[in-house]
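A.B. asks: Listed below are the residues making up each chain.
Protein chains: 2
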Amino acid sequence: MNPYLAYVPLDKATRLLNHGPTVLVSARHAGMSNVMAAAWCCALDFTPPKLTIVLDKSARTRTLVERSGRLVIQVPTAGQLKMTHALGNVSLKDDPEKLAHCGATLFELAGQDLPFVEGCAAWLVCKVISEPHNEQVYDLFIAEVVAAWADSRVFHDGHWLFEEADPAMRSLHHVAGGHFYAIGDALKVRGVMTD
Amino acid sequence: MNPYLAYVPLDKATRLLNHGPTVLVSARHAGMSNVMAAAWCCALDFTPPKLTIVLDKSARTRTLVERSGRLVIQVPTAGQLKMTHALGNVSLKDDPEKLAHCGATLFELAGQDLPFVEGCAAWLVCKVISEPHNEQVYDLFIAEVVAAWADSRVFHDGHWLFEEADPAMRSLHHVAGGHFYAIGDALKVRGVMTD
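The listed protein sequences derive, respectively, from chains A and B.
Here this note's numbering is used: position 143 in the first sequence is 145, and no number is missing along the way.
Here this note's numbering is used: position 88 in the second sequence is 90, and no number is missing along the way.
Hints were generated in silico from the structure; no laboratory data involved.
Take these hints with a grain of salt, some might be off.
Same chains, same names: a pair is fine if it fits in one copy or spans any two.
[What the hints assert, rightly or not] Each computed DSS-like pair below joins lysine-lysine, with the alpha-carbon atoms no more than 25 Å apart:
#  : residue 1 : residue 2
1  : Lys100    : Lys84
2  : Lys129    : Lys14
3  : Lys84     : Lys190
4  : Lys59     : Lys190
5  : Lys59     : Lys95
6  : Lys190    : Lys129
7  : Lys100    : Lys59
8  : Lys190    : Lys14
9  : Lys14     : Lys84
10 : Lys14     : Lys95
11 : Lys100    : Lys190
Please model the complete structure; the sequences and the hints are all you need to start from.
C.D. replies: Written as structure tokens, this is what we have:
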């Protein structure tokens, strides 16, 4: 277990996603776990925190989400670049050993029957809010965040600390194919109070 | 007119948003124009390109979007930090001179009766796809991108060039309050073909 795993209060959970990182989506149903990468995930509301996530009909992870109604959204790091890209390009249908071959290791959290990916910067446990029209027409899922954790070396007191942490912990931001960016320098507007 | 303004083919338009930048939303109705900042904007589909954008019921820009059915999503730059923050925190209701006071200058594009913000890195003209349930319950709007442009110094041939361009042209990624990040270093997965 990562000794830096720290609970994030729900009223700060959207801050894990506001800066637009590429995410990993994991889910479990009937003993089967899977993880995929997704660039199209976005915060939707503050309290209770909600998010949107686009899950293609061909994705095996989507089937697990549909059957269980639950998922984990994770913020992978620059150090997980190769793994993140592989998780977005290999299907469990083609490779039953997908997770191992992509280099993803799962861990468990007490009380959560869900697969969490080791080494990420943040983890958000979500419950799907059923919206069949959005899901069928747009592949768009709406989910409520019911618990969240972050690695306290890179997210603390409601703020990311990318400028202080190991550069390998920076979030990933996908463009296309194998082309990503890491998040960069902090910019602060002077004279603005920030809690 | 910005001499670097270049048309982006629609099948590459989502690449302007894949990396999760904070955006500016502008709209016009009956001669009134407004611009707001929004962190919750996300690509939704490739062809035709679609996106989601969260517009709070209190936002005057939302009213303009609802009445005209059209909007521009813009990718502001690190050099526009102060302006972007101000556009997200000042309402046209409180300050009829909001745009001037925030430092935003608008320009026109032929054939588009829409307000475009000068100095951004990219501009996406969108048409709202009416989804009253999402709009009312979640403040979530779905829109189709019908035309897109980018500044060719920072986006070319379907890819961002942040690593080569002036650092002041990097995209902004909001966390909370006056705390943002600029996009950072390019990361490329080796051996992956990218078009």
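A.B. asks: Does each hint hold? Answer for all of them.
C.D. replies: Each hint tested on the structure:
Proximity of Lys100 and Lys84 under a CA criterion of 25 Å is satisfied intra-copy only: 13 Å inside one chain copy versus 45 Å between copies. Taking CA atoms no more than 25 Å apart as the test, Lys129 paired with Lys14 passes inside one copy only; the shortest distance there is 17 Å, against 32 Å between copies. In the homo-oligomer, the alpha carbons of Lys84 and Lys190 lie at most 25 Å apart only across protomers (9 Å), although the nearest pairing inside one protomer, at 31 Å, exceeds that limit. Neither within a single protomer nor between protomers do Lys59 and Lys190 lie at most 25 Å apart by alpha-carbon distance, with minima of 40 Å and 27 Å respectively.
In this assembly of identical chains, the alpha carbons of Lys59 and Lys95 lie at most 25 Å apart only when taken from the same copy (13 Å versus 43 Å across copies). In the homo-oligomer, the alpha carbons of Lys190 and Lys129 never lie at most 25 Å apart, since the shortest distance is 34 Å inside one protomer and 33 Å across protomers. Taking identical chains as interchangeable, the C-alpha atoms of Lys100 and Lys59 lie at most 25 Å apart only when both belong to the same chain, with a minimum of 18 Å there against 44 Å between chains. In this homomeric assembly, Lys190 and Lys14 come within 25 Å of each other (Cα to Cα) only inside a single copy, at 19 Å, whereas the closest approach across copies is 31 Å.
Only between protomers do Lys14 and Lys84 lie at most 25 Å apart by alpha-carbon distance; the minimum there is 23 Å, versus 29 Å within a single protomer. With identical chains, the CA atoms of Lys14 and Lys95 are never at most 25 Å apart, being 36 Å at best within one copy and 28 Å at best between copies. For a Cα distance limit of 25 Å, the shortest separation of Lys100 from Lys190 across copies, 21 Å, qualifies, whereas the shortest one inside one copy, 41 Å, does not.
The structure fails hints 4, 6 and 10 (numbered hints given earlier, in ascending order).
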